[in-house]
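K.L.:
For chain F, the structure is supplied; the task is to place chain Z on it using the hints.
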Amino acid sequence: MNSTEPQPPEADTWARVHASEDFQRLRKRLRNFVFPMTALFLVWYLTYVLLADYAHDFMSTKVVGNINLGLILGLLQFVSTFVITGLYVRYANRKLDPIAESVRDEVEGGDTK
Amino acid sequence: MNTLAQGSVEGGNPLVNIGIFALFVIITLVIVFRASKNTKTASDYYAAGRSFSGPQNGTAIAGDYLSAASFLGIAGAIAVYGYDGFLYSIGFLVAWLVALLLVAELLRNTGKFTMGDVLAFRMRQRPVRAAAATSTLAVSFFYLLAQMAGAGGLVSLLLGVEGDLGQSIVIAVVGIVMIIYVLVGGMKGTTWVQIIKAGLLIAGTAVMTVWVLGKYGLNLSELLGSASQAAGGGDALLNPGEKYGESSTTQLDFLSLGIALVLGTAGLPHVLMRFYTVPTSKEARRSVVWAISWIGLFYLFTLVLGYGAAALVGTETINNAPGGENAAAPLLALELGGPVLLGFIAAVAFATILAVVAGLTITASASFAHDVYANVIKKGNVDSKTTEVKVARITACVIGAVAIIGGILAKEQNVAFLVALAFAVAASANLPTILYSLFWKRFNTRGALWSIYGGLTTTLVLIVFSPAVSGSDSAMIPGADFAWFPLSNPGLVSIPLSFLLGVIGTLTSKEHLEEKHKEMEVRSLTGAGAEKATAH
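Protein chains in written order, with our numbering: chain F, 2 to 114; chain Z, 16 to 551.
If we strip away everything but chain F, and leave its shape as in the complex, we get (with noise of 0.2 angstroms):
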């Protein structure tokens, strides 16, 4: 079942590898994508938690019918989850996946392609 890998690279491969231009790039990209992005939604998250727990009132405001703020906020929870779902998606494909896959080549040797 093995015989579809490639040799495991050497030790300093990986440092080598690790220290290069591409990869830092990689590295970068992807954590200044996703830290930022975690952070934003939990706090808004944590924002609308907070408010349907203590902000009884507020929450209670009728906007339109008997719809109320806080049936809205907590729609925009799941618009917000597919939003950043799609943006991180779009993201990966045009600036994480292309270096990702020229840098596994170079590890990989290109035995794989």
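Hints are computed from structural coordinates only; laboratory data are not their basis.
Misleading hints may appear alongside valid ones.
[Unchecked claim] Think about it this way: if two alpha-carbon atoms lie no more than 20 angstroms apart in a straight line, the pair counts; the simulated EDC-like pairs of lysine to aspartate or glutamate are: (1) F:K63 <-> Z:E237; (2) Z:K533 <-> F:D58; (3) Z:K297 <-> F:E109; (4) Z:K533 <-> F:E107; (5) Z:K456 <-> Z:E529; (6) Z:K258 <-> Z:D488; (7) Z:K297 <-> F:D98; (8) Z:K547 <-> F:D98; (9) F:K29 <-> F:E107; (10) Z:K547 <-> F:E107; (11) Z:K258 <-> Z:E331; (12) F:K29 <-> F:E102; (13) Z:K533 <-> F:D23; (14) Z:K297 <-> F:E102; (15) Z:K456 <-> F:D13; (16) F:K96 <-> F:E107; (17) F:K29 <-> Z:E530; (18) Z:K297 <-> F:E107; (19) Z:K533 <-> F:E109; (20) F:K63 <-> Z:D250; (21) F:K63 <-> Z:E257; (22) F:K96 <-> F:D106; (23) F:K29 <-> Z:E529; (24) Z:K456 <-> Z:E526; (25) Z:K297 <-> F:D106; (26) F:K96 <-> F:D13; (27) Z:K258 <-> F:D58; (28) Z:K531 <-> F:D13; (29) Z:K533 <-> F:E102; (30) Z:K547 <-> F:E102; (31) F:K96 <-> F:E22; (32) Z:K547 <-> F:D106; (33) Z:K531 <-> F:E107; (34) Z:K258 <-> Z:D179; (35) Z:K531 <-> F:E109; (36) Z:K456 <-> F:D58; (37) Z:K533 <-> F:D13; (38) Z:K127 <-> F:D23; (39) Z:K547 <-> F:D23; (40) Z:K297 <-> F:D58.
As the structure is a computational prediction, the values presented were derived from the model and not from experiment.
P.N.:
Positioned in the frame of chain F, the structure of chain Z alone reads:
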């Protein structure tokens, strides 16, 4: 649950319910046997030969994740408590962003079969694998017990099976079918069961959602108005606070639950293991996207179903039904489509339990065989790969037996806190170590051990001395009172503590693994040297 259950939901036909469920079991068993033909190696058994596509795996994840608790439980909580029930589903959904952004792809690139593969990657293998397996088994056990105990409640609710013996037999049958899925089909069979179940669940709830909305001219505001009117006027059902607004303790408890939900999902071992069933990290990413779509859609449906049940069935009828809150969705199905729709929904609820326990069992057995047996006991020198799979199969039987016995013993108990406990353990014992391993180069063995064992112990101790176990009306042991921790959800304390323990443990240890971290980082970000799909 309800010891005086007077048969099933009135108006339902237990024979129809059992018939539709039996049909599901037969069809899935045929598929599982067909899928078993190619299950030979460890990679086949644990990871389905890494041959599933992103959309397939995403659907299976939805099938694995949407347990009976989230189907019957959330719809019921919305019907009875209104807005506060809706809050659960938001935590369950937003949590997937943690998995998408921080965990799924990196885990797929670094590991082989289990969470332990990633956690132990650059650490001393044996202690870290033992720790990872301990917390995997703990989470799986709590989650499994919750599902099996729920099955006992469902039996009286949906099948009209009365008496201890009858209910125990049904629980045993559910357990045995599940063991067959896992033994015969391995991960591939289990995955197909989850895909089919997810399809049925989403289709069934979609039909009911459209039906309910159709009754109100597709106007959500009218539905909400009718629901709050049926609940006795006022806007209690529409405003937050019905369940958690009672006192400052319940408010703090909700905050604690909210944090555990959002951070726990990406640390659930049975969810993590699903990412190994796809060939590349890109497919792992697509898996999460599909899972988020299905799960989000499903929770939007439960919002309509919950308020629909409040409006059309009535909160009082639901509270008085056998099974209480859990009866909301089945009763709504009966109201809308008569015994046939009820039968379909009842069968879907059982299929849900089956698919979820199968997923948990294969995860727990993989962790025992791969982490404990192969790497801790045999120190990585297993004679042949088939021995490891054999151990996994035996473990699956043992876990199945434990689940059956536990389910029978727990069926009269109030074990609703077990699901919350599983999420709290996942968020405290697993997630900090996963994130530190992937992103922090200084992290080392002692940090991992302190974080895992510290998080696990804190969570368990706080739960044992919480009102969920003793000292309240709804406690597991109502007669006793040895509770001193005020919250039923320990996450607020245990999660930050275990993040902190990871840092302290790491910094007080002289072990430096930065070189090995370079390899791990290159592998996890690029997929270089990652496990490939097996070709048959």
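K.L.:
Give a verdict on every hint.
P.N.:
Going through the hints against the structure:
Distance restraint check for F:K63 and Z:E237: the Cα-Cα separation of roughly 14 angstroms lies within the 20 angstroms cut-off, and the hinted pair is therefore satisfied. Distance restraint check for Z:K533 and F:D58: the Cα-Cα separation of roughly 52 angstroms exceeds the 20 angstroms cut-off, and the hinted pair is therefore not satisfied. Between Z:K297 and F:E109, the direct Cα distance comes to roughly 18 angstroms. Compliance with the 20 angstroms bound is thereby established for this hinted pair. Straight-line distance between C-alpha atoms of Z:K533 and F:E107 comes to about 16 angstroms, which keeps the hinted pair within the 20 angstroms bound.
Distance check on the hinted pair: Z:K456 and Z:E529 sit about 5 angstroms apart at the alpha-carbon level, within 20 angstroms; holds. For the suggested pair Z:K258 and Z:D488, the alpha carbons sit about 15 angstroms apart, so the restraint of at most 20 angstroms is met. Of the pairs offered as hints, the one joining Z:K297 and F:D98 holds, with about 8 angstroms between alpha carbons and a cut-off of 20 angstroms not exceeded. Between the alpha carbons of Z:K547 and F:D98 the distance comes to roughly 17 angstroms, so the proposed pair stays at or under 20 angstroms and holds.
Proximity of F:K29 to F:E107 is assessed by CA-CA distance (about 19 angstroms); at most 20 angstroms being required, the pair is judged to hold. Of the pairs offered as hints, the one joining Z:K547 and F:E107 holds, with about 17 angstroms between alpha carbons and a cut-off of 20 angstroms not exceeded. A C-alpha spacing of about 16 angstroms is found between Z:K258 and Z:E331, which places the hinted pair at or below 20 angstroms, so the restraint holds. Between F:K29 and F:E102, the direct Cα distance comes to roughly 16 angstroms. Compliance with the 20 angstroms bound is thereby established for this hinted pair.
Restraint check for Z:K533 and F:D23: the C-alpha separation of about 14 angstroms stays at or below 20 angstroms, so the hint holds. As the CA atoms of Z:K297 and F:E102 are separated by approximately 11 angstroms, the hinted pair is consistent with the 20 angstroms bound. Restraint check: the Cα-Cα separation between Z:K456 and F:D13 comes to about 17 angstroms, which is no more than 20 angstroms; the hinted pair holds. This hinted pair checks out: F:K96 and F:E107 have alpha carbons roughly 18 angstroms apart, not beyond 20 angstroms.
At roughly 19 angstroms between alpha-carbon atoms, F:K29 and Z:E530 fall within 20 angstroms of each other, so this suggested pair holds. Distance restraint check for Z:K297 and F:E107: the Cα-Cα separation of roughly 19 angstroms lies within the 20 angstroms cut-off, and the hinted pair is therefore satisfied. Taking the CA atoms of Z:K533 and F:E109, the gap is about 16 angstroms. The hint holds against a cut of 20 angstroms. At most 20 angstroms may separate the alpha-carbon atoms for a hinted pair to count; F:K63 and Z:D250 meet this at roughly 10 angstroms.
Note on F:K63 and Z:E257: the hinted pairing holds, with a Cα-Cα distance of about 17 angstroms set against a maximum of 20 angstroms. For the suggested pair F:K96 and F:D106, the alpha carbons sit about 17 angstroms apart, so the restraint of at most 20 angstroms is met. Note on F:K29 and Z:E529: the hinted pairing holds, with a Cα-Cα distance of about 18 angstroms set against a maximum of 20 angstroms. Of the supplied pair hints, the one linking Z:K456 and Z:E526 holds, its CA atoms being roughly 12 angstroms apart against a limit of 20 angstroms.
Restraint check for Z:K297 and F:D106: the C-alpha separation of about 16 angstroms stays at or below 20 angstroms, so the hint holds. The hinted pair formed by F:K96 and F:D13 fails the criterion: a straight-line CA distance of about 27 angstroms is larger than 20 angstroms. Distance restraint check for Z:K258 and F:D58: the Cα-Cα separation of roughly 15 angstroms lies within the 20 angstroms cut-off, and the hinted pair is therefore satisfied. For the given pair, Z:K531 sits about 10 angstroms from F:D13 by alpha-carbon distance, which is consistent with the 20 angstroms threshold.
Note on Z:K533 and F:E102: the hinted pairing holds, with a Cα-Cα distance of about 18 angstroms set against a maximum of 20 angstroms. Proximity of Z:K547 to F:E102 is assessed by CA-CA distance (about 15 angstroms); at most 20 angstroms being required, the pair is judged to hold. Of the pairs offered as hints, the one joining F:K96 and F:E22 holds, with about 15 angstroms between alpha carbons and a cut-off of 20 angstroms not exceeded. For a cut-off of 20 angstroms, the pair hint linking Z:K547 to F:D106 stands: about 14 angstroms separates their Cα positions.
At most 20 angstroms may separate the alpha-carbon atoms for a hinted pair to count; Z:K531 and F:E107 meet this at roughly 19 angstroms. For the hint linking Z:K258 to Z:D179, the alpha-carbon distance of about 32 angstroms lies beyond 20 angstroms, and the restraint is violated. Of the pairs offered as hints, the one joining Z:K531 and F:E109 holds, with about 18 angstroms between alpha carbons and a cut-off of 20 angstroms not exceeded. Under the criterion of a C-alpha separation no larger than 20 angstroms, the hint pairing Z:K456 with F:D58 is inconsistent with the structure, at around 46 angstroms.
About 10 angstroms separates the Cα atoms of Z:K533 and F:D13, which keeps this hinted pair within 20 angstroms; it holds. Distance check on the hinted pair: Z:K127 and F:D23 sit about 26 angstroms apart at the alpha-carbon level, beyond 20 angstroms; violated. Of the supplied pair hints, the one linking Z:K547 and F:D23 is violated, its CA atoms being roughly 24 angstroms apart against a limit of 20 angstroms. With a C-alpha separation of about 45 angstroms, the suggested pair Z:K297 and F:D58 falls outside the 20 angstroms cut-off, and the hint is violated.
Hint compliance for this structure: hints 2, 26, 34, 36, 38, 39, 40 are not met, and every other hint is.
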